[in-house]
Amino acid sequence: MEMFYFIARYFMYFFIPLLVVSVSGMFSERSGVIHMALDSVMVWSCMWGVLCLQWLDGVVAGQMRLIIALLFAGITGVLLTLLLAVAAINLNADQTIVGMAMNTFAPAFCVFFARVLQDGSEHLSIRNDFLIEKIPFLGDIPILGEMFFCRTYITNFIGIAIFAISAIVLSKTRFGLRMCACGENPQAAESLGVNVQKYRYAALIIAGFIGGVGGLMYILPVATHYSQTVGGYGYLAMSVLIFGQWRSIPLLGAAAFFAFCKTIANAYSGIPFLNNLGLPAAFYKSLPFIITLIALAVTSKHDRAPKASGQPYDKSMR
Amino acid sequence: MSVKAKKKFDISNHTAVLSSLIAILGGLIIAFLVLVLTNPSKGVPAFTTLITGGFQMGGMKNLGTLFYFATPILCTGVAMCVAFQAGIFNIGGPGQYSVGALAAILTSLYFSKDLPAPLTWVVPLLVSILAGAVWALIPGILKAYFNVNVVIGTIMFNYIEMYYMMHWINDYCYDAMKGQTRAIPAPCKLPQWFMPALTQNKSADIGIIIAIIVAVLCWVLMEKTELGYELKACGKNADASKYAGIKSKRNIMISILLSGALCGLGGGLTHLSVSGTYITMKEALAAEGFNGIAVCCLANNSPLAAIFGALFLAFLTVGGNYMQIFGFQREIVSVITSVIIYFAAFSLFLKQMLEKALNRQKKEVNKVTGEELK
Amino acid sequence: MENTENIIEFRHITKRFPGIIACNDISLDIRKGEIHALLGENGAGKSTLMSVLFGMYTPEEGTISIRGKEVKITNPRVATELGIGMVHQHFKLVQNYTVLQNIVLGSETLKGPFLDMDSCRKKVVELSEKYGLAVDPDALIENITVGQQQRCEILKMLYREAEILIFDEPTAVLTPQEIDELMEIMKGLAKEGHTILFISHKLEEIKRVSDRVTILRRGKLVKTLNAADTTTTQMGELMVGREVSFHVDKKPAEPKEEVLRVEHLTMINDETKKKVVNDVSFSVRKGEILAIAGIDGNGQSELIYGLTGIMPIHEGKILINGKDYTKKSIRDRNLVMSHIPEDRHKYGLILDYPLSYNLALKNYFKPDFVSKTGFLKFNKFDSYADELIDKFDIRSGQGKITMARSMSGGNQQKAIVAREIDQNADLLVAVQPTRGLDVGAIEFIHKQLVEQRDKDKAVLLMSFELDEVMDVADRVIVMFEGEIMGNLDPKKVSVEEMGLYMAGVKREGKES
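Residue numbers (this note's numbering), protein chains in the order written: chain S, -4 to 313; chain V, 7 to 380; chain A, 2 to 513.
Since the hints were derived computationally from the structure, they do not count as laboratory data. Check the hints yourself; a few may be wrong.
Stated by the list, open to error - For lysine to aspartate or glutamate, the following DMTMM-like pairs were computed, each having C-alpha atoms within a straight-line distance of at most 20 Å:
#	chain 1	residue 1	chain 2	residue 2
1	A	K208	A	D230
2	V	K248	A	D333
3	V	K248	A	D344
4	S	K296	V	D245
5	A	K381	V	E229
6	A	K367	V	E232
7	S	K167	A	D139
8	A	K224	A	D26
9	A	K367	V	E229
10	V	K255	A	D333
11	A	K381	V	E232
12	V	K362	A	E61
13	V	K357	A	D353
14	V	K48	S	D114
15	S	K167	A	E109
16	A	K373	V	E229
17	S	K302	A	D271
18	S	K296	A	E272
19	A	K347	V	D245
20	V	K248	A	D353
21	A	K287	A	E258
22	S	K302	A	E143
23	V	K242	A	D353
24	S	K167	A	D119
25	S	K296	A	D271
26	V	K362	A	D353
27	V	K248	A	E343
28	V	K230	A	D383
29	V	K288	S	E117
30	V	K230	A	D353
31	A	K192	A	E182
32	S	K302	A	E272
Claimed, not checked - Quick list of the computed label-pair ranges, beta carbon to beta carbon:
#	chain 1	residue 1	chain 2	residue 2	range
33	A	D119	S	L274	52 to 58 Å
34	A	H346	V	P197	51 to 57 Å
35	V	V42	S	I289	45 to 51 Å
36	S	N271	V	P197	46 to 52 Å
37	A	H91	S	L274	52 to 58 Å
Stated by the list, open to error - What the simulated footprint calls covered on chain A by chain V, stretch by stretch (three residues with Cβ under 8 Å from a Cβ of chain V suffice, anywhere in the stretch; the number is not a length):
#	stretch
38	319 to 332
39	343 to 354
40	358 to 367
Ideal placement from N, C-alpha and C gives every residue a C-beta, glycine not left out.
All chains, please: the whole structure from these sequences, using the hints.
This is the structure in structure tokens:
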């Protein structure tokens, strides 16, 4: 049973950031902008979030330090995503290439910056005192309590909240209706007085914030220091988005599936059965990526990608 | 005579070069700002070092270093040009490059070192080409037959390579003392011919010459042959190509395999070089693969122009290494690279703006001379 | 007494695009409550003028007054606030939204932070009952007919309480019966006090429904007439600036042996699993033009794609000159069948290739054009391009090196027609060959089709334009929901009867 709880917690560590970052991608792509740069937003915001944690150490105590750092990471995420927004919305750029540019930029800049900051070392250490041993009452629920409410992070609940609110915003509000119309048929939206550029900017700002928060969420449970990588999580989140067909509920399932693979990949040495198979570590580590490809091969034939996704919206071409 | 060659000195040719220059300028400005903002006193000399490629410090010897850095990114750059022109966004450069490198190392260690003379290095090089192509094979199949986004497919293969690389190195060619791959046997290294004399650099070899020849051959392939006509047609309009009876699946496979092979060649040339290099035990993607994208963007997808793009980026890399004297990290070169790619993403927009501006000028000139503009 | 109060006054409107003046000093008054038609050829400026009124373009010169007050209409939102609505020629609907979602988009009512769809639905249902616009508010756009989509567009305007309604070529996609219904709806709307602006180039319709008609030609206003006081002939003359024959001159057909034979062809849409082409059989013979008529979206496009190999077929057989081509590659088919595709930008041309490359698109792999070693023979490319440019009078800025993208639509189409006709294949498949072209170009292409027929080629023409079908074809098959409804002789069938077949109301006894 201990093993089960162990896996369940590990699962959450991977599941939440994957879910959150793919929600970030969902905002961007449903509004019609391909977001290849999720990975760079994570790397970038993760650094700022970690730095913020360092600055606040000793200034603010407890969970508050984390919450402020999450907000800060979100804001820096917005700033970086604006690069994509300007290029995609105002300059009719090739959005895939912009994404690649950002993916080149963020790790390089973060190494550069961290080394400047610390005179040579690029690793930023994280003092992590955010683990919640047990949430009162909820932690006492049999099985579920042990799985989800013990040895947990506040980010797990923030992540779920981000997902739930996003799902409601997309399907039940005026903003969601208009934003998704911009991604499907911007000409139609514009003809009804919806300002496509404005909505895409709004979508990308939200995407940037959520992506930034996701970056910091990723690193907390899995690492003691930050070294300019998020283990390809941004790309996995993109795959989750495709696998989840750009829709909220399927996204939940897709994220869970990938997180499960990732859990196996990381926890296999603690699972006797898998450990005894004698497969190399490389196999387990690359497993999520292999499974992603298989999953995409099965689902990609008919995708329900937003129709205008990736196409620059040119007002003069009606 | 080709259609292009017959073209008069066209304004659109100008704007393409011009927008590349703007991209470079943008990259340099950002680099300058970053340097000056992080350390105002050392920023200016560091920047000067960067843009002079360190030549005032290293002298002519740097030319050899320049060629050494240019060789891999020329190969990966041409690889990207071929793939992008065919509409295939091969981001798998890092994986294909590293696999090529490892293949060259293993072949020379275990097989080719006892072969007769030129085969010692020719065989590993061919194997590296093959290995690069193999690493591109599955993403190619997934794209052609299962419609899997090629960007995602190749990126996934980069990560698979990253994790397996350490496993393979560890099992077959690990030098535990140094924590890196074992050194290549001397006979397997590339020949040097006249290169040391030319560059005044003892360890210069013919890698760059091979890379340039390959770039020219790829240009000929894309511009002058039936296959090039088909590949570009697929890249520009997949539907019309299908309509014309061009087999799109076959062309996807050809372009991505060719692209992978070129990346593999890059890895082979670098690791068989006389200067020598090693793969370390680090979970990281090879930067040479990604830098190919920048070369390709600078070259506006032309394999011929990629030669200049690669030399330019290598020039910056050399400068960036010297810049470390001032306490700056050479990652700044990657920052410049990323800005160049960023600008390239809206080069079409830049080109249109430039054309509009130039046309306006032309119109005004015509008005003065009283010509009717048609 | 007639209402003469002006609701819209255009004064000296001028709108330029690179290379052309789309609207040239147009002044025009629209009266409240009238149905006012704008008549003109493609490119005459009628759509541009309406786009200016709807705020999609800003004119360089001139003013617009609405209800006596000068206004600056900078974007569609302003137009909507002024009570102006527009049904665009290509509907502006979000395909995977419901009818209701499309109607409320941009003018939503809220309950707290959330959308209040219930009250919206009530209002939409009321409106659709009042004006006889039957459509299911909860159906997805991608699942309903074009006619229903148009009703959704009209509801969109009414929902926004538009008083001035602009219809941009509303009948182009409808059956004659649906057109009748639309005319009634339009009259009903006018009776309720709405002002209707109606863009068309179909003279009969204008005569039937409108009170007044304004004729535009090459960006200039020619004349405004009372529809009752004019004839279609007179309007036609004013429209093109000369007397026009709406008739294609041709001898009676002399069909010879069979070239194409299609047997029990069935195609299934991958996603909806619907049979988009259902058990279709027909044949085309040398020396005849067979037209496929029908409303857009009844399987004609798919049938052509199946025939030319672009889409897979599910069941059935395709025989060309007696040989089975069902499983042959596109390249093999291209050798016996030339194809002027429906969408010239998607299939017909590689826009970023020069004209000479595009003209060689079906030939580049033949020994004349490529050496045994795989190198292209650019001399041949150039001389072949010159030949076709000369023969078909293809005009472009820089001749054969012009990028296809920078050519005009008419000349792009001419290039495709030239390339395909020069293939000299036994079967010519022409799909919507005259879409978006002006009268001169249409005449040219019709002449080419007839000429091919007279050279003993088999010609298969697919068109949504009933006039074109009636004029050019020797024999017509009508498709409805993927099935052939009839195999008809255009000389013996009236347009109205054809409409019944197109609407699926009438069906012939089984025959091939």
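Review point. Is the straight-line distance between the alpha-carbon of K248/V and that of E343/A 20 Å or less?
Key: Cα-Cα ~14 Å, so holds.
Check your understanding: CA of K167/S to CA of D119/A, is that 20 Å or under?
Key -> Cα-Cα ~13 Å, so holds.
Check your understanding: Are the Cα positions of K362/V and D353/A separated by 20 Å at most?
Key -> Answer holds: K362/V to D353/A is near 19 Å, not above 20 Å.
Practice item. Decide if the proposed pair is consistent with the structure: K48/V and D114/S, CA atoms, cutoff 20 Å inclusive. Key: holds (15 Å)
Check your understanding: Regarding the pair K381/A and E229/V, is the alpha-carbon distance no greater than 20 Å?
Key -> holds (16 Å)
Review point. Within 20 Å, alpha carbon to alpha carbon, are K367/A and E232/V?
Key: Within the cut-off at roughly 10 Å; holds.
Practice item. Below or equal to 20 Å on CA atoms is what counts here, so check K224/A against D26/A. Key: holds (13 Å)
**Study point:** Agreement of K167/S and D139/A with the hint, judged by alpha carbon distance not exceeding 20 Å
**Key:** Between K167/S and D139/A the Cα gap is close to 16 Å, so the pair holds against 20 Å.
Review point. Under the criterion that the straight-line Cα-Cα distance not exceed 20 Å, is the pair K296/S, D271/A satisfied?
Key: holds (10 Å)
Point to revise | Hinted pair K192/A and E182/A, Cα distance within 20 Å | key: holds (15 Å)
Exercise for review: For the pair supplied as a hint, K302/S and E272/A, confirm whether the alpha-carbon distance does not exceed 20 Å.
Suggested key: Answer holds: K302/S to E272/A is near 16 Å, not above 20 Å.
Check your understanding: Going straight from one Cα to the other, do K248/V and D344/A come out at no more than 20 Å?
Key -> holds (13 Å)
Against the hints set out earlier in the document, no violation occurs for any number.
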